[in-house]
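J.: Once you know that position 219 of the sequence shown is 234 in the working numbering, the rest is easy, because the numbers rise by one and skip nothing.
Worth flagging that the hints you see were computed from the coordinates, not collected in a lab. Fair warning: this is a prediction, and the values are worked out from it, not measured in the lab. Hints are not guaranteed to be accurate.
Capping the alpha-carbon separation at 25 Å, the derived lysine to aspartate or glutamate pairs in DMTMM-like fashion look like this [as the list claims (entries may be wrong)]:
| hint | residue 1 | residue 2 |
| --- | --- | --- |
| 1 | K122 | D275 |
| 2 | K298 | E111 |
| 3 | K122 | E111 |
| 4 | K235 | E220 |
| 5 | K298 | E325 |
| 6 | K122 | E325 |
| 7 | K235 | D293 |
| 8 | K122 | E51 |
| 9 | K235 | E253 |
| 10 | K235 | D193 |
| 11 | K122 | D25 |
| 12 | K235 | D275 |
| 13 | K235 | D124 |
| 14 | K298 | D25 |
| 15 | K235 | D206 |
| 16 | K298 | E82 |
| 17 | K122 | D295 |
| 18 | K235 | D210 |
| 19 | K298 | D288 |
| 20 | K298 | D275 |
| 21 | K235 | E325 |
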Amino acid sequence: MPEPLPPLPDIPRYRVASTAQLARAGRPAALAILAEARRVYTAPALRLGDRLSRQWLERSRNPYRGEIAEIARILGQPGGWLLNLSYEWACTSAVEGPRLGRTLDWKLDGLGRHVALAGFVGPAGPYESVTWPGFVGVTTALAQGRFAGALNQAPMPRTRLPLPLDWLRLRLGVWRGDALPPSHLLRRVFDQAADYQQAKAMLAEIPVCLPVFYSLAGVKPDESCIIERTPRGAFLHEGRAAIANHWLTPGLTGAPRGYDSPGRLALMEGQWDGLGWDFDWVKPPILNPDTRLSVLADAASGRLLVQGWEGQRPATAIHHGDAIRR
């Protein structure tokens, strides 16, 4: 008989007062992610990215630049500044009433294996972030009794220029501005927003440095929406909705991100009615070689399911639990 497979590791769960404390507690995981980034991008490229990222964060007076500087000192390896500004996620998300479901895709191996749950307390109350040690932003989080939220990468705005020149044009626009990165705005919302309505207003109105999609679910049956953001504009889709990595709003253009964005959206929309509290819905093309996380969150009950993925296979056991409350 074949040897039984070893049990999948549990996702570590932390109660922390700061992102620096999380970086200290989860330093081995953070260093493993940085090692993979060095393998893919090289150490000289990470050092250059760190220098440029730090310059922009300081010039734009980013409110989290002090946290990132402290984390970079704790880790002592190149990449801490750059990876905190990385924005290469291709995701699939859906919301209805108090429930949010999402997957997160990224080409960097190890993000599924090293995912962590971190309980923070902001001015508006506690929340639990599905995150990584060394990361100051929020990509997915749950604040029981307030809301659940996630972000997806939007298409890159295109012109008639070749793709590399369009990419450079967009980054030069970011460099000249001082708006928040998308994950930093979502962090601010979880720290400061008292309820769904305030969170929705902040996500729709505060400028961001790049286009982004936000998924938001409150605690009432009529509290859910998708917010498609341009740097200074917003397009809201109220009620039950799903989003992948292409625009829902007619007239907004850009190349879809990730694997088969239209196919992922269609599958998510088709499965949402029968969705249970499991990850049976995580199947191709929602599940693809870049899938790192799957999450189900209920803002009313605080119920939270999370699993890490690598190579289209589970990399962690499923976390079944309630959001951390203090």
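J.: Look at each hint and say if it fits the structure.
T.: Hint check:
1. K122 to D275: Cα-Cα ~15 Å, so holds.
2. K298 to E111: 20 Å, holds
3. K122 to E111: Violated - the C-alpha atoms of E111 and K122 are around 29 Å apart, more than 25 Å.
4. K235 to E220: Holds: K235 and E220 sit about 22 Å apart, inside 25 Å.
5. K298 to E325: 14 Å, holds
6. K122 to E325: The hint holds at about 10 Å.
7. K235 to D293: 22 Å, holds
8. K122 to E51: Cα-Cα ~11 Å, so holds.
9. K235 to E253: Holds: K235 and E253 sit about 13 Å apart, inside 25 Å.
10. K235 to D193: 35 Å, violated
11. K122 to D25: 22 Å, holds
12. K235 to D275: 32 Å, violated
13. K235 to D124: With Cα atoms ~37 Å apart, K235 and D124 exceed 25 Å; violated.
14. K298 to D25: 22 Å, holds
15. K235 to D206: 21 Å, holds
16. K298 to E82: Between K298 and E82 the Cα gap is close to 37 Å, so the pair fails against 25 Å, i.e. violated.
17. K122 to D295: Holds: K122 and D295 sit about 23 Å apart, inside 25 Å.
18. K235 to D210: Since the Cα atoms of K235 and D210 sit roughly 11 Å apart, the hinted pair holds (cutoff 25 Å).
19. K298 to D288: Holds, because 16 Å separates the two Cα atoms, which is no more than 25 Å.
20. K298 to D275: 13 Å, holds
21. K235 to E325: Given that 25 Å is the threshold and the Cα spacing comes to 34 Å, the pair is violated.
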